[in-house]
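Residues per chain are reported as follows:
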Amino acid sequence: MVGTVVVRLYATAREAVGNARLERPAGPHGVSVGGLLDALSHDYPALAPILRHARFARNGSYLRGRSGRLRPGDELAIHPPYSGG
Amino acid sequence: MSVRISPRPLDLDQATRELGRRDAGAVVVFAGIVRPDSTPAGKVRALFYEADSVMVRKSLARIARETLARPGVQRVVLWHRTGLLAVGEVSVVVGAAAGHRAQAFSAARRLIEAVKRDAPIWKTDRLWSPPPRRRPPSPPRGSRSTGRARRTGAARR
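Which chain is which? The protein sequence lines are X and R, in order.
Position 64, counted from 1, in the first sequence is what our numbering calls 942; the numbers after and before it change by one each time, with no gaps.
Position 110, counted from 1, in the second sequence is what our numbering calls 145; the numbers after and before it change by one each time, with no gaps.
Same shape as in the complex, but just chain R:
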């Protein structure tokens, strides 16, 4: 089994090569990718991933070991990135090689679900900064709204 938690980019081809030997009847590789979600606060431009560096290795190793023990599963990969990942980058790769496709699909599914549920990893949105707001028109001289304009200016700083 191959387990990795690292800020280095993940290589899908390498994962496939590690899994795909001659004795495997089926190889399934899943990649999680940072997507450009829109949130009420703005559009996601990146995700920041952090982990409990001590506990995450044990957690990922246990998930991989338990999956490898399932019937028919021959090899697994379980790789997760940390740090700042832009939209489109691969954040996680899981994969399984097994004798038959049902076993490989099931194992890969188990790996990613267990990572999301049990691995001490967290992600935080990094949003595009909203465009600067247009300055409201100046109130007429002597207007009673002067105080409001001042508050707006303070909020923009």
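Isolated chain X (complex conformation):
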């Protein structure tokens, strides 16, 4: 059975994709964060420039850049630059 990872998108990233949540196949051994982001950039070209300045979090914890892997069932959050206040 092929698992999936969930991608959560906020603000400009959500607008670029047109959806706040995506599911992507992860395979039994998961998928690299970099590989997943490259695939998203390919599928949603408007997302690519946003990803260059975004922060990423896996299951609620920030990642260092694009390093790391996602296992089936994991959640990746894409955070464009913050603008609270």
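Distance windows between CB atoms, simulated: (1) R:Leu162 to X:Tyr940: 31 to 37 Å; (2) R:Ser73 to X:Gly913: 39 to 45 Å; (3) R:Arg105 to X:His907: 42 to 48 Å; (4) X:Pro903 to R:Ala66: 43 to 49 Å; (5) X:Arg899 to R:Arg92: 18 to 24 Å; (6) X:Glu901 to R:Phe140: 46 to 52 Å; (7) R:Asp48 to X:Pro959: 31 to 37 Å; (8) R:Asp48 to X:Arg949: 44 to 50 Å; (9) X:Glu901 to R:Lys151: 31 to 37 Å; (10) X:Arg933 to R:Pro42: 23 to 29 Å; (11) X:Ser939 to R:Phe83: 22 to 28 Å; (12) R:Asp48 to X:Gly913: 51 to 57 Å.
Negatives, chain X to chain R, calculated, CB over 10 Å: (13) Gly881; (14) Val884; (15) Glu901; (16) Arg902; (17) Pro903; (18) Gly913; (19) Asp916; (20) Pro923; (21) Ala926; (22) Arg942; (23) Pro950; (24) Gly951.
Which residues of chain X face chain R? A partial, calculated answer using Cβ under 8 Å: (25) Gly938; (26) Pro958; (27) Gly963.
These are calculated hints, taken from the structure and not from any lab test.
All of these numbers come straight from a predicted model, not from anything done at the bench.
C-beta: ideal position from N, C-alpha, C; glycine also.
Starting from the known structure of chain X, fit chain R onto it as the hints suggest.
Chain R in isolation, oriented as in the chain X frame:
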């Protein structure tokens, strides 16, 4: 420390009361307010605030905790609103109580700067709709500009 992320309106008096006990020599409260900026696309009538609901609580708590650990700081409040806020509404309240004014000012400044830099919160402009454009005068019958008038009409829909 008091940390809050909520769509409910923020009460400045409540923040001051939470900070201002007898042992504090100084209390500083800062409020961020939605202002009616003018942008090339129109005038701002409201801002929509959204947050990563899971991560923002951890982020705000860490900012408050680190600020509270600074010398002389006795209490902090860190409140942020979400949802649609009209011009004039309070979007964020930060405050610090400390032994001396320099410590309180510094702590409050640190809180708001850290929120803007590190808290997963985003705002989006909501603009006044531009007034409807005046219909251009009809071209003379038989004019070659008929096609242009048709395109203008389509754009207005």
